[in-house]
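**Student:** Make the full structure from the sequences, and use the hints.
2 protein chains.
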Amino acid sequence: MELWYTEKQTPNLGITCLVRETLCHIKTPFQDLAVIDTLQFGKMLVLDGMVQTTEQDEFVYHEMIAHIAMQAHPNPKDVLVVGGGDGGAIREVIKYDSVESATLVEIDEAVVEMSKKYLPGISVGLSDPRVNVLIADGIKHVKESVGKYDVILVDSTEPVGPAVGLFSQDFYAGIYRALKKDGMLVAQTESPFFNRDLIRSAYSRIKSVFPLTKLYLASIPTYPSGLWSFTVGSKCYEPEEGKQKPVETKYYNSAVHKGAFCLPNFVSELLEAEER
Amino acid sequence: MELWYTEKQTPNLGITCLVRETLCHIKTPFQDLAVIDTLQFGKMLVLDGMVQTTEQDEFVYHEMIAHIAMQAHPNPKDVLVVGGGDGGAIREVIKYDSVESATLVEIDEAVVEMSKKYLPGISVGLSDPRVNVLIADGIKHVKESVGKYDVILVDSTEPVGPAVGLFSQDFYAGIYRALKKDGMLVAQTESPFFNRDLIRSAYSRIKSVFPLTKLYLASIPTYPSGLWSFTVGSKCYEPEEGKQKPVETKYYNSAVHKGAFCLPNFVSELLEAEER
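For the record, the sequence lines run as chains V and A.
For the first sequence, our numbering gives the first residue as 1, with consecutive numbering after it.
For the second sequence, our numbering gives the first residue as 1, with consecutive numbering after it.
These are calculated hints, taken from the structure and not from any lab test.
Predicted, not measured: the structure shown is a model, and the values here were computed from it.
Take these hints with a grain of salt, some might be off.
Any copy, or any two copies together, can satisfy a pair, since identical chains are not distinguished.
[What the hints assert, rightly or not] Okay, derived cross-link-like pairs now, DSBU-like style, lysine-lysine, Cα gap no bigger than 30 Å in a straight line:
1) K235 <-> K207
2) K148 <-> K245
3) K258 <-> K243
4) K250 <-> K140
5) K207 <-> K140
6) K116 <-> K207
7) K258 <-> K235
8) K117 <-> K207
9) K143 <-> K95
10) K245 <-> K180
11) K116 <-> K140
12) K143 <-> K77
**Tutor:** So this is what it looks like as structure tokens:
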């Protein structure tokens with residue numbers, strides 16, 4: 001018997017993967033959580049029916065959410081990751097010797113636990129002595145933090161369920177206050193092919209708070225359309241150039257850093273209304 | 001009843017689309033040909049079970065196979081497209097006033113006919129007076145042409161069935177001869193996530209023939225992994241920079257031109273063995 005897992009990425013489109021084994025499928029207090037072992041992408045973390053990360057292509061997302069800000073900031077010491085309970089973003093952040101503290105605020109403890117159990121290659125960084133894992137509401141944590149972080153990464157799920165508040169104007173304003181005076185934000189902002197309204201609104205909200213706002217792109221096979229966007233908000237540093245020594249990566253490099261900001265016309269047109 | 005069309009992109013992975021209507025499904029002398037109307041991507045041309053082009057995302061592939069060479073060549077007058085019977089690459093080529101002749105050599109007449117009938121937005125360029133459509137074997141046409149073309153685009157299907165010969169060393173050597181002394185080749189060379197051996201061999205074969213060989217990338221949602229590669233072979237002009245006046249495009253622009261050559265580490269590592 002062949003078992004195929006199909007994610008309906010939109011009402012009219014799906015991605016379907018041949019499954020070796022379902023390793024875990026539970027209801028957490030926040031969401032439906034599954035870890036599936038697939039032949040194409042290895043182990044896959046699925047939340048509320050949406051693929052979050054896979055062993056085979058996780059490197060793109062985790063490197064690209066982390067290294068743009070980590071490289072563009074001249075001396076990132078204190079870093080916060082909101083969401084990202086799998087630990088992949090943290091693993092990239094602690095590649096920098098400048099980092100003194102890396103805090104993960106994940107609302108759903110089961111994401112951290114299941115990632116530690118089933119995705120050790122992704123969650124490996126969580127045991128680093130500089131890392132502090134808080135099981136808590138990221139929105140509340142950000143609200144209570146003032147001038148504390150050099151870099152904040154919003155590694156959220158899609159804006160449904162627990163992540164809705166992570167795309168709000170209030171939240172971005174809270175992040176601005178939680179950052180030091182030269183801090184930088186990066187938020188994942190979905191697909192420019194399929195989530196155009198979301199990108200427009202997240203971009204304009206971040207832009208209304210941060211003096212420098214830029215969108216950049218990366219190619220992630222298991223995410224809808226394969227093309228993914230991230231939005232940087234920066235208090236003073238130009239986000240488009242890496243300043244740090246290179247760290248070991250499989251996707252990111254200084255050319256990719258610049259190239260990620262070279263937006264196709266249909267993407268930059270998305271933002272133009274917000275640029276005026 | 002909901003009808004879903006599933007393309008098995010690899011033995012372990014598929015893309016599945018909700019179908020409005022199957023407009024045409026025939027056996028041609030060369031392949032199985034279908035035109036399906038899907039809710040997500042509009043009309044879709046499928047050859048031997050592989051999505052070739054769709055109304056919604058065709059602009060990426062057709063712009064990116066055409067404009068890199070058309071912009072990097074200072075004065076492209078005579079252009080050949082091998083394959084590409086849908087007409088999308090030709091539509092982009094004839095956007096340049098410098099073009100005096102654009103020849104399409106497609107082996108399968110049914111691809112041209114069905115594209116004219118069902119995909120008028122893609123095939124529109126085929127009626128331009130500068131365009132010459134030959135229903136013939138592209139390999140033979142290339143072999144018989146000497147010093148004739150400024151730019152040759154190899155817009156092939158996957159290297160199975162009629163397209164196998166379009167990835168051979170002999171064919172690339174033939175293209176070198178068919179080009180003028182400052183000519184350029186661009187060939188589609190599949191996904192860097194899923195077709196690593198093919199990229200390696202196509203790149204090394206083109207490199208053994210052309211003094212300048214470069215790989216570049218574009219994001220195409222309906223192609224396996226969403227990330228696609230093209231390989232340029234150039235007799236003298238640097239491929240990485242556009243020299244022409246801008247033409248109207250939805251994906252391509254001069255920043256995208258440069259950014260497309262900024263390769264992630266896992267892609268440039270693919271080519272390194274060939275670089276030594």
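**Student:** Taking 30 Å as the upper bound on the Cα-Cα distance, should K258 and K243 be classified as within, between, both, or neither?
**Tutor:** both (12 Å within a copy, 20 Å between copies)
**Student:** Quick one: K258 to K235, C-alpha cut-off 30 Å, is that within a copy, between copies, both, or neither?
**Tutor:** both (19 Å within a copy, 28 Å between copies)
**Student:** Should K250 paired with K140 be assigned to within, between, both, or neither, using CA atoms and 30 Å as the limit?
**Tutor:** neither (34 Å within a copy, 41 Å between copies)
**Student:** Pop the pair K116 and K207 into one bin, within, between, both or neither, using alpha-carbon distances up to 30 Å.
**Tutor:** neither (36 Å within a copy, 45 Å between copies)
**Student:** At most 30 Å between CA atoms: does that hold for K117 and K207 within a copy, between copies, both, or neither?
**Tutor:** neither (39 Å within a copy, 46 Å between copies)
**Student:** For K143 vs K95, is the C-alpha pair at or below 30 Å within one copy, between two copies, both, or neither?
**Tutor:** within (27 Å within a copy, 53 Å between copies)
**Student:** Between copies, within a copy, both or neither: which fits K245 and K180 at Cα up to 30 Å?
**Tutor:** So K245 and K180 pass the 30 Å test inside one copy only (22 Å; across, 44 Å).
**Student:** Quick one: K143 to K77, C-alpha cut-off 30 Å, is that within a copy, between copies, both, or neither?
**Tutor:** Result: close within a single copy only, 20 Å intra versus 62 Å inter.
**Student:** How would you label the pair K116, K140 (within, between, both, or neither) given a Cα cut-off of 30 Å?
**Tutor:** Cα proximity of K116 and K140: one copy only (25 Å, versus 58 Å across).
**Student:** Between K207 and K140, at a C-alpha cutoff of 30 Å, which is it: within one copy, between copies, both, or neither?
**Tutor:** Classified as within: same-chain Cα gap 22 Å, cross-chain 56 Å, threshold 30 Å.
**Student:** Checking K148 and K245: alpha-carbon separation at most 30 Å within a copy, between copies, both or neither?
**Tutor:** within (24 Å within a copy, 49 Å between copies)
**Student:** Have a look at K235 and K207 and pick one of within, between, both or neither, based on CA distance no larger than 30 Å.
**Tutor:** within (11 Å within a copy, 45 Å between copies)
In terms of the numbered hints stated before, the structure departs from hints 4, 6 and 8, listed from lowest to highest.
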